[in-house]
Structure formats: structure tokens, C-alpha cells
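Peer 1: Chains as they are written, first to last, in UniProt numbering: chain A, 1 to 397; chain B, 1 to 388.
Simulated from the structure, these hints should not be mistaken for laboratory data. Quick caveat: nothing in here was measured; it's all calculated off a predicted structure. We put the CB at the ideal spot given by N, CA and C, even for glycine. A hint or two may mislead.
Computed from the model, here is a short list of chain B residues facing chain A with C-beta under 7 Å [claimed, not checked]:
#, residue
1, PHE27
2, ARG31
3, PRO88
4, ALA89
5, ARG90
6, GLY129
7, SER132
8, SER153
9, ALA156
10, LEU160
11, LEU268
12, VAL271
13, MET274
14, VAL276
Coverage of chain B stretches by chain A, computed from C-beta distances (three or more under 8 Å per stretch; other residues unrestricted) [what the hints assert, rightly or not]:
#, region
15, 112 to 123
16, 175 to 189
Read off the chains here:
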Amino acid sequence: MTSEGTSLDQMDGRVAGSRSQLFDLVVKTTGLTVLTLGVYSFWARTRVRRWLWSALRVGGTPFEYVGQPLEKLMGFVVAAVIVAVYLGLVTMVLIFASLNIWGSPGPGTAASFALLLPVYWFAQYRGMRYLLNHTRWRGISFSMAPGAWRYAGLAMLWTTLSILSLGLLWPVRTQRLWRFRAERSFYGDDHFRLGLRARNLFAPFLPAWVGAISCGLLAYAGLQDGGEGLLAILAFAVPATGIAWVHWRVASYERLVSSLGFAGAVSLAVRVRTGRVIGIHIGGWITVGIVLIILSIALTVGFGAALGSQLERLDAETLTSSDPWIFLVVGLLVYLTFFLGRGALRLVFVTYPLIKHIGSSLHLRGAAEVNAVRAGKTHHMADADGFANLFDLGSGI
Amino acid sequence: MTSPGPWERPAETSPPPVPEPIFADYFDGRRALRNRVALSFEDGARGRVLRLELADGEVVRWPSRRLRRVADQAGSEDRVYGLVTGDPARLVVSPGPAQDLLSRLASETDRPLPGPPLWRRALLVAGAGVVSVAFLLMVLLPGVATVLSRFMSPEAEVALGELTYQQTRVMFAPGLTPLRECFRPEGNSALQQLTERVADGVDLPFPLQVAVLDDSESPILNAYAVAGGRITFFDSMIQAAESPDEIAAVLAHELGHVVNADPVRHTLQAVSGMAVVSVLIGDITGGGVLGGTAGAALQSSYSRQAELEADAFAHEQLHAVGLPPSALARMFERLRAEYGDVDGLVAHFSSHPQLADRIETAGRVGDPVIGAPALTPKDWQALRAICR
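With the rest of the complex left out, here is chain A (with noise of 0.2 Å):
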């Protein structure tokens, strides 16, 4: 693919480590997440991340994740208190309120979850934020100006304009919302540009927006008459939709991304494949599956041998009468086990095997400008991503 003469350019992608040595980290931070109560989770993110940051190599140089697991927890015991209270209070005025004027409290409820929405969106913003600022590339740190608020007001403004137009400004949404993102990304003293234009993003979109539509129509007609032809056509309509649906994201992904430069001079360019991208997906949740269908037998198992030894002396006596608070510990570490483990093995079985697909076919032009890139002004930012946690944004990483 590259010519000998440009070589110096160019850099490409690779992603190291294997699922097994991931696997290993995560079974070891889980599994200190349970015994602490979910405490640990705060250490268990960051060095997952860490991990995660530097199997990523472009030019074979690793990425660095710098976050703090102590910043996690004083961004979280932030956020958490600022969220209690707006959710605590607001919730209880809004269903107050609800309750007297509709004596039902629907509408509070509804009302409570859309004045979430800007902080979701807020939230979403210095989540990303955070990331960047603590993510470094050969000694030099990203990092991303403020502006969560305004973004937040975008999101609105054009989720708002989208259902208006029954979907169609989709893309458009999506377009302003990364390039609003790139624009205000750093890698060192220089920002991120996005280069693509809105409506080249029309054409991956068409198909599933053609697809939802049919669909609502289709659904709406069946439900009139009752046509049994029709809801046979919805039950192919509906999986195809989806598939288009992902194959939008995947190849909006792939046009966002490649249109994206830095440093003067340095363009990315990525190459997603739809089938590859639900391949994953679909072999990932099996595996995770088949994996805590394994660990429930085990346990099981285990459990029983532990119990059977003890069973001559185990009546109802005895076990009404020793500590309830033992059941609840127990109780609790096999729910927290397997609740956290789902997450866990997301992470080995579906989240790292999609960045290995992405991250191997990342490809820098004009690569030799990096070389020229100074240190630039860092946007510090020591309250973490408290808020992103709390909405489980970017859920697992």
C-alpha cells in the first residue's frame, strides 16, 4: 500500500496485546471490585484503560492513558452530589406538581427524565473531554477546550430539528456534533479539523432512514387492518432496517474519522467493515455468555461442595438463627460478580476486538508534520468523569 519513497509519511495503526492478557486485568480488577464493595472500580477503570490506551500504536509508538483512579473518585463524589440533589429535588417538585395539576404522576416522571437530557449530553461532552485530557501520544498530551454547555445546546437544537423533520436532518446533526468536537480537540498546540461536508453523509443514511420509515408505515397500516401479509413483510423489514442502521454508523464512522486532520498537514483515514463490525458483536455476546454460564456452574458447584460438607449439621435451625447480614454479603458478591463480570468480558470479547479491527487499519498521510507538534496549552481538568460515570457513557471504558 505505501510506496518506498513516502514511507517516512505514512504510519499505520496496530493494536498489541491479546484478548487473553486482557482477560487476565479484568478478571484480577473485577474481581477486587467485588471484594471491595465497588470501591476498587475507580482503580480497576483506570488501569483497564491504561491497558486498553497503550495496545493502541500509530507509527509503533504506544498511546498513554495519565487518569488517576483518585480523580475518578473525587469526580464522581462531585458529580454524584450535584446529581443527587437536582435529581433528588427536582424529581420530588416535578411529581408533586404533575400530581396536582393531572393527578397522575406520568408527566412529572416524563418531565424529570427530559430535563436529564442537556445534562446527558453535557455529560457526554466532559466525559470526552476527560478522556483527552489524559490521553498522550510521543510525550505530548490531547485535550479539548471547554464548551459541554454549548454542546449541550447543540444537541438540542439539532435533535430537535431532526424529529422535526421526521429523521431526515440526521446526519446533519452528526456532522455538526463531531465537527463542533474536532474543532475544539487538541493534540498539542494544534486543534483537530473535520473535513467532511454534511451532505456526503446523506447517501449511508438513506437506506435506513428509507428502512424506519416503511417500517412505522407498514407497522401503522397492519395495526388498522390487521393485515397478517403485512406484519410478514414488517418481520423482514424490521432486521433489515437494523442492519442498515448499523451499517449508517459504521459508515458515517468511517467518513467522520478519515476526514479528520491535525498538525498541518496530517490526515487519518480508517476503514470499518459493517459485517466485520455485527461479526463481532454477535460472537462477542456468545462468547460472554457461554463464559458466565461456565462461571454460574462453577459457583454452583463450589457452593454446593462447600455446603455438602456442613449438610449433617444444616437444618432449619441453624440457619434461621445465624447472621441474615451473611446471606446479604453473599448475596451481594454473587450479584456484583456476575453484574460486573457481564461488563467485564464486554470489555475482552466485544469492546477490544472492535478497536483491533479499527485501530489496525488507522493510517496517517502526512505523518512527518507529528514530528513538529510542541507541547500546547493543557486544558486541566482534575474532576474526572464523574459525570460521564454516573450516565454510563462510553460504558465500560
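Knowing the structure of chain A, use the given hints to seat chain B on it.
Peer 2: Same frame as chain A, but now just chain B:
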């Protein structure tokens, strides 16, 4: 790259001279330029020092006691080193002689690179956070709920009560189908009579609705009030009573909660408290179920103060209508003899203060002049058969 530069100097004695130059990649933290550096080490007054010699002859010195390895790196080939000073400069070392050299440098270089010292600040922030959330859940939300409950319109309260009642029917059911509301004409008219007798002279903005739920599948032995004047008995409670006076006393206690607007205040408080707790716990553990359970534990009991006030109301009201408050004490005494005091987890999740305390209070108050019994024997039998 191959300039002999530093190798012209006399070799140091303690580490043997390295015949071939050993290279690594060095990033100085100021530019994104990759510098190929020649590695060597020397012993200075303050310990061993790693020398990084750049192509232009510039030498960077990294004292080995400050040198640490960046932890949790993917792959097993390259190692990344940094300084404990927080300097963004990095050294990427490939396997082979370069990694050997780093390992020989000093034992601490293999330890993970620590972050900045944040413990003290983190503890302060965490403490302040715990205090704030506790203040929110224990002072602020109950306070706002009290204020709001005063301004609740009766229609809104009835609507809320209806909703809560339907939820509790599902919540207390052993399976997924809601508990059956018992209905028998004679039984319901007996219940109506009892309610009118007990609530005599009590002025409420909405009608009292008293119902019995069939909990024969798994007995719950309780009664509860929700917003909008809805009081509910579980059938096992009625079966456990030996006389209608006992049921009247329990009813009066629940009526006390209704009159004091405890349920509506409590529902407002519980809904918002649950939203808070589920979001907070959901984040650490990633689970909403756990948050829901914690929220339920939080909402399950009225404050001790509210219970005592309901007892006081019951006592006065029973006096006024000529029924014996001591029936409450008798019933609780018997229940305790039969089932024992509930301790630990069960008490925490059940919605009444421990029986012992209640018996003491109920026993201390004298009985008034007793009027007619709460129900005639015939009506009492009808009430007991309401779920049959």
C-alpha cells in the same frame, strides 16, 4: 546515529563498559519528535543515573531512584518508562539489550509509575460528599416533602394513593399477579361498620377506603396506610386477632398515619430518595437492582417519631369512641409470644418499630369506660371470613 560521541570517554569501572551502543526511543514531553537515544549508565554521588544521549550530542540524565515503569501495558514487547516527578517525558525500550540494561540499573525501576499524591484531598472530598448526600436524604428531602405534602390537593392525594396501593398489591405478592382484594358482602359491611366506629368524628378531605388483601399464600401479618386515606389489612392480621377490638386498635393506629399525612409525605420522599440512591449505587456497581433494593430499605419505615404520634392518636381516638387501647398491647404481646421479636434484617425491612417498645407504651395507658364492643360476634365472624 552511529557517532561514537560518549564512547570516547574512559569507561566507568563499576558497570562494565558496553561494547555496542544500546538505543531506545525518547520523547522529551515538549515536542512530539521521536529521539533515538543511546543508553548508558553512570554512578554519581546520589546513586546510579541513566544517561540518554541524543543524536545531537545533548545528554539527558535520569536518576534511577526516580525512574519507574508505566504499568498495565498491553503486549509484552516494549516497555515504557517515566519519572516520578510527573515529567511527561517518556522512554520506550524494546526487548533485548536495552531492556536488560534498564533492569540492571536498579531494582526500583520495575515498580509502577505512581500518580500524584491525592489521598488527602480525595479523603476530604469523599467525606464532604458523604455528609452532603446524608444531609440530602435525611434532612433536605424529608423537609421539602413535609412542606409539599401540606399543599397537596385531596384529588392528587387520592390519585397518588390509588397508584401506590396498586403497586403494593404487586410488591407484597409472592408471584407476579397482584394480591387479591377480598370481597364478601357481609364481611365488607362489617369492615365498613368498624371503620365508621373507629373514625367517628375524624374530619378528612377524602373518604376512607379500607380493604383486606388475601395473603394466605405467604402470610405477611401487617397493615399499612397509603396516601389518600387508603388503609389495607392483610388477612393474616385479621386471623391473628382474637377480638374485633384488636383490629379496631390497629385501624386506629393506621388512621393516625392518615390524619398526620404520613403516607403522602413518605411517598414523595421515597420516590425522590429512590431516584437518588439508584443512580449513585448504580454507578459504582453498574447495577440498578441493587439501587432499587437500597431505596426500598430506605423507604420502608416511617420515622420512629411518626409511629409514636400514630400510637398517640390511636390512643386518644379509641378513648373518644369508647374502645380499649389496651387491645393493641394484648395483640402485640401475643404476637411476640408466638413469633418472637423480629431482629436484624427482617426488622429493618418490615415497617413497624420493634414490638417490645410498642407494648410498653400501649400497656401504660389506661382503658376508658368501654362502650359497645367494636363488632357483634356475628359481624366479627363475617369479617374473619371475608377472604374465604
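Peer 1: Give a verdict on every hint.
Peer 2: Each hint, compared with the structure:
Contact between PHE27 of chain B and chain A, as hinted, is supported at the beta carbon level, the nearest pair being about 3 Å apart and thus within 7 Å. The beta carbon of ARG31 of chain B is positioned within 7 Å of a beta carbon in chain A (closest approach about 5 Å), and the interface hint is therefore held. The closest approach between the C-beta of PRO88 of chain B and any C-beta of chain A is roughly 5 Å, which is under the 7 Å cut-off, so the hint is satisfied. Taken as an interface hint, ALA89 of chain B checks out: its beta carbon lies about 6 Å from the nearest beta carbon of chain A, inside 7 Å.
At about 5 Å, the closest approach between the beta carbon of ARG90 of chain B and any beta carbon in chain A falls short of 7 Å, and the interface hint on this residue holds. Checking GLY129 of chain B against chain A: minimum C-beta separation of about 3 Å stays under 7 Å; hint holds. The closest approach between the C-beta of SER132 of chain B and any C-beta of chain A is roughly 5 Å, which is under the 7 Å cut-off, so the hint is satisfied. Taking 7 Å as the C-beta cut-off, the interface hint given for SER153 of chain B holds, the closest approach to chain A being about 5 Å.
For ALA156 of chain B, the interface hint holds, since its Cβ comes within 7 Å of a Cβ in chain A; the closest pair sits about 4 Å apart. Below 7 Å, beta-carbon pairs count as interface contacts, and LEU160 of chain B has one with chain A at about 5 Å; its hint therefore holds. Interface restraint check for LEU268 of chain B: the shortest CB-CB distance to chain A comes to about 5 Å, inside 7 Å, so the restraint holds. Interface hint status for VAL271 of chain B: upheld, as the beta-carbon distance to the closest one in chain A is roughly 6 Å, under 7 Å.
Because the smallest distance between the Cβ of MET274 of chain B and any Cβ of chain A comes to about 9 Å, over 7 Å, the interface hint for this residue is violated. The interface hint given for VAL276 of chain B is met, as the beta carbon of that residue sits about 4 Å from the closest beta carbon of chain A, less than 7 Å. Figure legend: the region 112 to 123 of chain B, annotated as covered by chain A; annotation consistent (6 residues with Cβ-Cβ distances under 8 Å, at least 3 required). Closer than 8 Å: that is the beta-carbon criterion, and the region 175 to 189 of chain B has 0 residues meeting it against chain A, so the requirement of 3 is violated.
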